[in-house]
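A.B. asks: Chain by chain, the residues run as shown.
2 protein chains.
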Amino acid sequence: MTAMVPTRTEPDLSFLLDRTGHVLRTRMSAALAEIGLTARMHCVLVHALEEERTQIQLAEIGDMDKTTMVVTVDALEEAGLAERRPSSTDRRARIIAVTEEGARAAKRSQEIVDRVHAEALAALPGDEREVFLRALNRLVTGHLADPVESPQQVRRARQRGK
Amino acid sequence: MTAMVPTRTEPDLSFLLDRTGHVLRTRMSAALAEIGLTARMHCVLVHALEEERTQIQLAEIGDMDKTTMVVTVDALEEAGLAERRPSSTDRRARIIAVTEEGARAAKRSQEIVDRVHAEALAALPGDEREVFLRALNRLVTGHLADPVESPQQVRRARQRGK
DNA sequence: TATTGTTATACTCTATAACTATA
DNA sequence: TATAGTTATAGAGTATAACAATA
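Going down the list, the protein sequences come from chains A and B.
Counted the way the UniProt record's numbering counts, the first sequence spans residues 1 to 162.
Counted the way the UniProt record's numbering counts, the second sequence spans residues 1 to 162.
FYI, nobody ran anything at the bench for these hints, they're computed from the structure.
From the three backbone atoms N, C-alpha and C, an ideal C-beta is built for every residue, glycine too.
Please note that a few of the clues may not be correct.
Simulated crosslink set (SDA-like; lysine to any residue; CA at most 20 Å straight-line) [claimed, not checked]:
hint, chain 1, residue 1, chain 2, residue 2
1, A, LYS107, B, ALA97
2, B, LYS107, A, SER14
3, A, LYS107, A, ASP18
4, B, LYS107, B, ALA97
5, B, LYS107, A, PHE15
Pairwise CB distance ranges (calculated) [said to hold, decoys possible]:
hint, chain 1, residue 1, chain 2, residue 2, range
6, A, LYS107, B, SER87, 54 to 60 Å
7, B, ILE35, A, ALA122, 53 to 59 Å
8, B, ALA103, A, GLU51, 57 to 63 Å
9, A, ASN137, B, ASP63, 27 to 33 Å
10, B, GLU78, A, ASP90, 49 to 55 Å
Sample of chain A residues facing chain B (criterion: CB under 7 Å; computed from the structure) [as the list claims (entries may be wrong)]:
hint, residue
11, SER14
12, LEU17
13, LEU24
14, MET64
Let the sequences and hints guide you as you build the complete structure.
C.D. replies: Take a look at the structure:
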C-alpha cells in the first residue's frame, strides 16, 4: 500500500480540501434546510444565545460582511427566531435577541451540525480521526492561518449617478 | 494540552475545512497569478499535455461546465499557451493543443502548485502529515464522496424573448 | 471624525437556454 | 435524435458606496 506507484501524483491537497469542504457544505445546507435554517442563521443564533451581542459583533464572529448580516437577521426575524433590540448603551447598535422558538431551533440545529460532522468523521478509524483533526487544527492556526493579500481582487468603485 | 477544557467545542469540521480550503485556494491563486495563470488554466494545460483531449474531456476532468471551459480556453489562446485544433475524427470537436510556451508555463505552474502544497503541509510533523493525507483521501472516496441531492438549488428556466 | 446599521446596486461567478454544425 | 462547442444572459451570492443616526 505504500509506494508501488512510480513518480506519480503528489497528493493534491487543493483537490482534497475543495472536494471534502464542498461536499460537507452541501450536506450541511441540506440538513439545516429541513428545519428552515441556513448555516449563517445557525451561526448567528448560537452566538447570539451565548451573550448579548450586536450585529457587528456577530458578523465578526461568523466572518460575514455587515450587509450580509442584515439579510441574515432579516431572515431570522421573519422566521420569528430572533429580534432586533436597541442596545441600552449605544443607540446606534442592535442587540440580536433570540426568541424562545429561536432557542429551540438553535438546539435542534446544533444537533444537526454535530450529527453531520459525526457522520462524516465516521468514515475514519478512531485513531486516524484524532490525528486528522489535530492536523487540521494545526493548519488552521499555522501556515494556513491567514489568506495572503490578494491584490487582484480589486473591485472598481461604482459610478456615481448610475 | 489534552483536555483541560470542559464539555466545549466539538471539533468544528465545517469551519476547519472551509478555512483551510479557502486559505489554500487564495494562496494558490496568488501564486499562479504571478505567471498569469488561474487554477483552471493550469488544470487544462496539464491535462491537455498528457494526451490529445477535447474541450469536453478536459471539462470533465476539471469538473467544469463546458461554458466555463470556453472562457478558460479563450484565456489560454489569448495568452498564446494553447490552441484549438479540429479533431481529425470528429468535426464538431476541438483538440486543445498546448504550445511550446504553454508547455513551459505548465511546468512552472506545476512547480508552483507543488510548492504551495508542500509549504502548507510543512506545518505538520511527518507522521501526522501521512495520516492526515490518508484520512482526507478516505473522506473523499468514502462518505464525503458525493454531494447530496440539493433540491433547493433549482434554477428557473429563463423567460423566452426577454 | 468615526461607527452601526441600512438600502441600493454593481460585480463576479457560474449555469441555463438556445443555437450551429456536425454525428 | 444526440453531442461539441458557442453565445448571450439569468440568477445567486456578496461586497461596495452612500446615507442616516449616533458616538
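A.B. asks: All hints, please: hold or fail.
C.D. replies: How the hints compare with the structure:
Proximity of A:LYS107 to B:ALA97 is assessed by CA-CA distance (about 56 Å); at most 20 Å being required, the pair is judged violated. Under the criterion of a C-alpha separation no larger than 20 Å, the hint pairing B:LYS107 with A:SER14 is consistent with the structure, at around 18 Å. This hinted pair does not check out: A:LYS107 and A:ASP18 have alpha carbons roughly 29 Å apart, beyond 20 Å. Between B:LYS107 and B:ALA97 the alpha-carbon distance is near 15 Å, which keeps this suggested pair within the 20 Å criterion.
Between the alpha carbons of B:LYS107 and A:PHE15 the distance comes to roughly 19 Å, so the proposed pair stays at or under 20 Å and holds. For the pair A:LYS107 and B:SER87, the beta carbons lie near 58 Å from each other, so the given range of 54 to 60 Å is met. Range check, B:ILE35 to A:ALA122: about 42 Å between beta-carbon atoms, so the 53 to 59 Å window is missed. For the hinted restraint 57 to 63 Å between B:ALA103 and A:GLU51, the CB-CB distance of approximately 58 Å keeps it satisfied.
Checking the proposed 27 to 33 Å range against A:ASN137 and B:ASP63 shows it holds: the Cβ atoms sit about 28 Å from each other. About 52 Å separates the C-beta atoms of B:GLU78 and A:ASP90, a value consistent with the hinted range of 49 to 55 Å. For the restraint placing A:SER14 at the interface with chain B, the shortest Cβ-Cβ distance is roughly 6 Å, inside the 7 Å limit, so the hint holds. Annotation: A:LEU17 was flagged as interfacial toward chain B, and the flag holds, the nearest CB pair being 4 Å apart, inside 7 Å.
Because the beta carbon of A:LEU24 sits about 6 Å from the nearest beta carbon in chain B, less than 7 Å, this interface hint is met. Taking 7 Å as the C-beta contact cut-off toward chain B, the hint placing A:MET64 at the interface is violated, the least distance being around 13 Å.
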